[in-house]
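Chemist: Let the hints inform the model, and build the full structure from the sequences given.
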Amino acid sequence: MPRRAVPLLAAACVLAASVAGCASGTRAAAGPGPAGASAPSSVPSAAPSSASAAPSSASAERGWTAYSPLASATAAVPPVARPAAVPSTDPCAARGAAKWVLVDISDQRMWFCAARHTVRETPVTTGMAGPDTSTPTGHYAIQGINRDTTLTLNTGATYAVRYWIPFDAPLFGFHDSSWQHFPYGSARYRTAGSHGCVHMPLAQIAYLARWAPVGTPVTIRA
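Going by this note's numbering, the first residue of the sequence shown is number 65, and it counts up by one from there.
The hints are simulated quantities; they were obtained by calculation from the structure and are not laboratory data. Predicted model, so just to flag it, every value in this text is computed and none were measured. Where a beta carbon is used, it is the ideal one built from N, C-alpha and C, also for glycine. What you were told as hints is all true, and nothing was included just to trick you.
Here are the in silico distance ranges between beta carbons for each label pair:
1. G220 <-> A162: 37 to 45 Å
2. Y271 <-> F246: 18 to 26 Å
3. L217 <-> S152: 38 to 46 Å
4. F246 <-> T219: 16 to 24 Å
5. D154 <-> T219: 34 to 42 Å
6. R159 <-> A267: 23 to 31 Å
7. G160 <-> S242: 30 to 38 Å
8. W275 <-> G249: 14 to 22 Å
Modeler: Written out as structure tokens, the structure reads:
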């Protein structure tokens, strides 16, 4: 290689190193200087950017924002909405007596209630529609518990029953009805129901006789 090419090759190497230093964001160290001169002991570095500096133009274009742990930790937490209370659908929830009985004529059902909860319920048959045969509504109480007796109407007709539990003696009360030939709870009560009493299935009135003492409140609603 000719001697003149050596200085040109060295100069090309220095230029390439300078370009590489710019691309990496640092300043390349100076090459050997004149005799007796030394290279700088250190290269000044760029000042560190502040943590709260504004986002770069590239970040702004992408919709990025700076994340601040402190701001996230101290942000106000919205209150949690509490669900509204749901009204109870238990018919016994209407009254808080230790024990009480509810009869609904339109539903033809009866509930045994304890502390606002249903213990048992049963279909029943109430009085026929009419001024002299419909079951009275209102608030009453169980007045007695009688076994194996005969009920006599003002017409002279008699009915033998296993249980007679009056709530408005001597006319109205609960009793079984072995002669009834349509289902309890049926709408046929309007034309073929009782003469004002509440007919109950035998197993249900037997339970009532054991469960409800004399004095147990009775509510009958239309």
